[in-house]
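Visitor: Chain by chain, the residues run as shown.
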Amino acid sequence: MDAIEFATMPSTATISARIKPRRRGRAEAAWAYGFCTPVALLMVAIYLAPIAAVAVLSLTDYELGAPDFTWVGDAHFRAMLADPVFWRAMRNTFTYAAIVVPAAVGLGLMVALLVQRRGRLGGVYQIIFYLPVTTTLVAMATVWHFVLHPQLGPLNAALGALGLGRLDVFSDPDLVLAGLAVIGAWQLVGFNMILFLAGLTAIPQDLYDAAAVEGADHPIDRFLRVTWPLLGPTTMFVLVTTCITAFKVFDTVVVLTRGGPLGRSEVLLYAMYLEGFQYFRIGYASALTLVFLALVVAAAAIQSFLIDRKVHYG
Amino acid sequence: MRPAQGIAGRVGAHVLLLAGGGFMMLPLLWMLLTSIRAPDEVFSAGMNLLPRTFSAIENYGYALREAPLLRYMLNGAIVCTLILAIQLLVAIPAAYALAKLSFRAKPVLFALVLLGLTIPIQVPAIPLYIAFSALGLLNTFFALVFPFTLSVFAIFLFRQFIKGFPDEIIQAARLDGFSEIEIVLRLLVPALKPAIAAFAVFSVTAHWNDLYWPMIVTTSPEHATPPLGMLQFRDAETGSNYGALMAGAAIVTAPLVVGFLLAQRQFIQGITMTGLK
Chain A
0 MDAIEFATMP
10 STATISARIK
20 PRRRGRAEAA
30 WAYGFCTPVA
40 LLMVAIYLAP
50 IAAVAVLSLT
60 DYELGAPDFT
70 WVGDAHFRAM
80 LADPVFWRAM
90 RNTFTYAAIV
100 VPAAVGLGLM
110 VALLVQRRGR
120 LGGVYQIIFY
130 LPVTTTLVAM
140 ATVWHFVLHP
150 QLGPLNAALG
160 ALGLGRLDVF
170 SDPDLVLAGL
180 AVIGAWQLVG
190 FNMILFLAGL
200 TAIPQDLYDA
210 AAVEGADHPI
220 DRFLRVTWPL
230 LGPTTMFVLV
240 TTCITAFKVF
250 DTVVVLTRGG
260 PLGRSEVLLY
270 AMYLEGFQYF
280 RIGYASALTL
290 VFLALVVAAA
300 AIQSFLIDRK
310 VHYG
Chain B
0 MRPAQGIAGR
10 VGAHVLLLAG
20 GGFMMLPLLW
30 MLLTSIRAPD
40 EVFSAGMNLL
50 PRTFSAIENY
60 GYALREAPLL
70 RYMLNGAIVC
80 TLILAIQLLV
90 AIPAAYALAK
100 LSFRAKPVLF
110 ALVLLGLTIP
120 IQVPAIPLYI
130 AFSALGLLNT
140 FFALVFPFTL
150 SVFAIFLFRQ
160 FIKGFPDEII
170 QAARLDGFSE
180 IEIVLRLLVP
190 ALKPAIAAFA
200 VFSVTAHWND
210 LYWPMIVTTS
220 PEHATPPLGM
230 LQFRDAETGS
240 NYGALMAGAA
250 IVTAPLVVGF
260 LLAQRQFIQG
270 ITMTGLK
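Respectively, the protein sequence lines represent chains A and B.
Note that numbering that gives the first Met the number 0 numbers the first sequence so that position 184 is 183, with each residue one more than the last.
Note that numbering that gives the first Met the number 0 numbers the second sequence so that position 176 is 175, with each residue one more than the last.
If you're looking for bench data, these hints aren't it; they were derived computationally from the structure.
Among the clues, some could well be false.
Facing chain A, from chain B, some residues (calculated, C-beta under 10 Å) [as the list claims (entries may be wrong)]: (1) 6; (2) 8; (3) 90; (4) 101; (5) 105; (6) 127; (7) 154; (8) 207; (9) 230; (10) 235; (11) 248; (12) 267.
No residue lacks a Cβ here, since even glycine has one placed at the ideal position from N, Cα and C.
Start from the sequences and build out the full structure, keeping to the hints where you can.
Guide: So this is what it looks like as structure tokens:
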């Protein structure tokens with residue numbers, strides 16, 4: 000890069016007649032390259048080279064520790080598309096997201112609406128709802144497991160006291176994803192609440208006054224006619240962010256279910272982890288990684304598109 | 000107060016918030032209560048909210064003795080400190096260059112920074128693991144720290160802040176004989192303090208709580224971070240000693256929760272930045 004900079008110097012010099020800025024410019028560029036060299040090196044080592052390697056590995060049958068590998072072309076991708084385990088992981092991941100996203104976004108919005116402009120007590124509620132965001136998920140998954148324990152937990156004790164049947168959430172194939180989703184939403188609600196509160200404070204009070212003049216006095220009217228339309232960009236943003244977080248569900252699965260029962264909680268990242276770091280089928284795990292990358296990049300592309308739009312709004 | 004909201008509405012709001020808040024606090028309270036409960040009471044606890052006999056010392060003592068939790072927390076502190084220090088060291092000068100200096104590679108580098116924002120650790124994990132394994136670097140602090148030394152998010156964030164810094168002050172500093180490094184260290188770092196604090200919270204929370212990467216590169220307790228230690232402790236204790244397990248969870252969770260309660264604003268700013276990421 001430095002060489003390119005140097006080579007183009009004469010042409011810049013003809014444009015700018017003054018000598019001093021030119022020298023200053025050259026020194027400035029030298030400093031800039033010095034400041035950016037560590038970033039460039041780490042960028043190659045941590046992002047560019049490994050991602051290229053994943054793409055290449057996905058076309059081989061390389062296994063960790065194997066002396067050799069052969070090219071297999073798109074065989075892993077064909078195998079993946081034909082593999083019911085892959086589709087199960089995709090279905091589980093999307094089912095999990097389909098529960099967590101509406102719950103965490105809907106409740107986050109509701110709590111934000113309820114706590115805003117509630118003075119000091121509102122601040123206390125904010126702290127309470129935000130507290131789970133700061134907790135260590137591995138530890139809290141252990142706690143949730145105990146809270147939902149079929150014999151020892153308070154939830155089932157309460158259900159029992161009400162004369163209802165006991166739930167064994169994490170051993171029940173039909174409940175396991177919902178159970179994990181409760182923990183996921185529990186940790187995300189406070190986070191989304193803060194994002195919504197930021198969006199709410201940006202809505203000018205005049206608009207509510209104007210709506211009141213036009214007869215929109217009832218809280219529900221105010222919400223539907225002012226708050227909801229103006230909160231649109233924030234809501235979309237929170238939705239996408241929550242989706243990305245939900246796609247990355249991993250910790251609770253490792254701690255509580257290890258993909259079970261009957262593979263009903265085997266999600267994409269956990270499948271990737273098993274293939275790559277338990278079975279050491281590097282080629283296949285790389286193909287899965289590319290699918291995961293595509294998912295996250297698609298969500299991020301939507302997000303940056305939305306941020307651009309938000310800037311125009313603002 | 001909003002005029003449209005009557006007494007009934009306000010009471011309703013508090014009822015909903017109390018119910019929701021109770022749900023949020025339920026696991027935290029249950030964790031604390033169980034961690035001080037006597038073992039025989041755990042199995043008959045059911046709806047007994049408050050413990051009748053206390054075994055806090057036994058439970059916490061067991062957790063600290065049987066699982067080297069303090070060791071894991073020390074590891075976590077070492078890993079988080081190293082990551083944060085290197086991230087700042089790498090990101091701040093580069094952010095200054097991207098914000099205020101002109102050089103030809105700038106657009107390319109900035110595009111790469113933006114692209115990097117979307118890539119989670121799970122994507123480069125396989126090649127990085129193969130490389131560390133080949134170099135004999137598994138089970139080292141280096142392996143735990145290295146993939147996170149470049150925070151494109153930090154570069155992006157600090158660049159935004161530095162862009163708003165007045166050019167005149169930088170020019171004046173240059174005329175006073177400040178070198179570019181001095182401009183970064185003596186002018187920008189003090190001005191960036193709020194951004195650095197927010198980023199520090201973001202970074203420390205992310206890496207204190209991370210499970211995926213430590214689980215891949217560490218198998219030894221000498222390097223295990225708190226989540227990994229908690230996982231091992233849990234697997235060793237399955238079903239037997241819930242009091243100690245909850246004490247362990249409380250110990251591991253405490254530093255960040257206490258930090259949050261002491262510095263709420265910085266925490267909320269810092270963690271919420273992940274949303275911008």
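Visitor: All hints, please: hold or fail.
Guide: Structure-based check of each hint:
1. 6: violated, 13 Å
2. 8: holds, 7 Å
3. 90: holds, 8 Å
4. 101: holds, 6 Å
5. 105: OK, holds: residue 105 of chain B within 10 Å of chain A, min 7 Å.
6. 127: Since chain A brings a Cβ to about 6 Å from residue 127 of chain B, closer than 10 Å, the hint holds.
7. 154: holds, 7 Å
8. 207: For residue 207 of chain B, the interface hint holds, since the closest Cβ of chain A sits about 7 Å away, which is under 10 Å.
9. 230: Since the shortest Cβ distance to chain A is 6 Å, the answer is holds.
10. 235: This hint is violated: residue 235 of chain B lies away from chain A, its Cβ roughly 12 Å from the closest one there, beyond 10 Å.
11. 248: holds, 4 Å
12. 267: holds, 6 Å
In this structure, the earlier hints numbered 1, 10 are contradicted, and the remaining ones agree with it.
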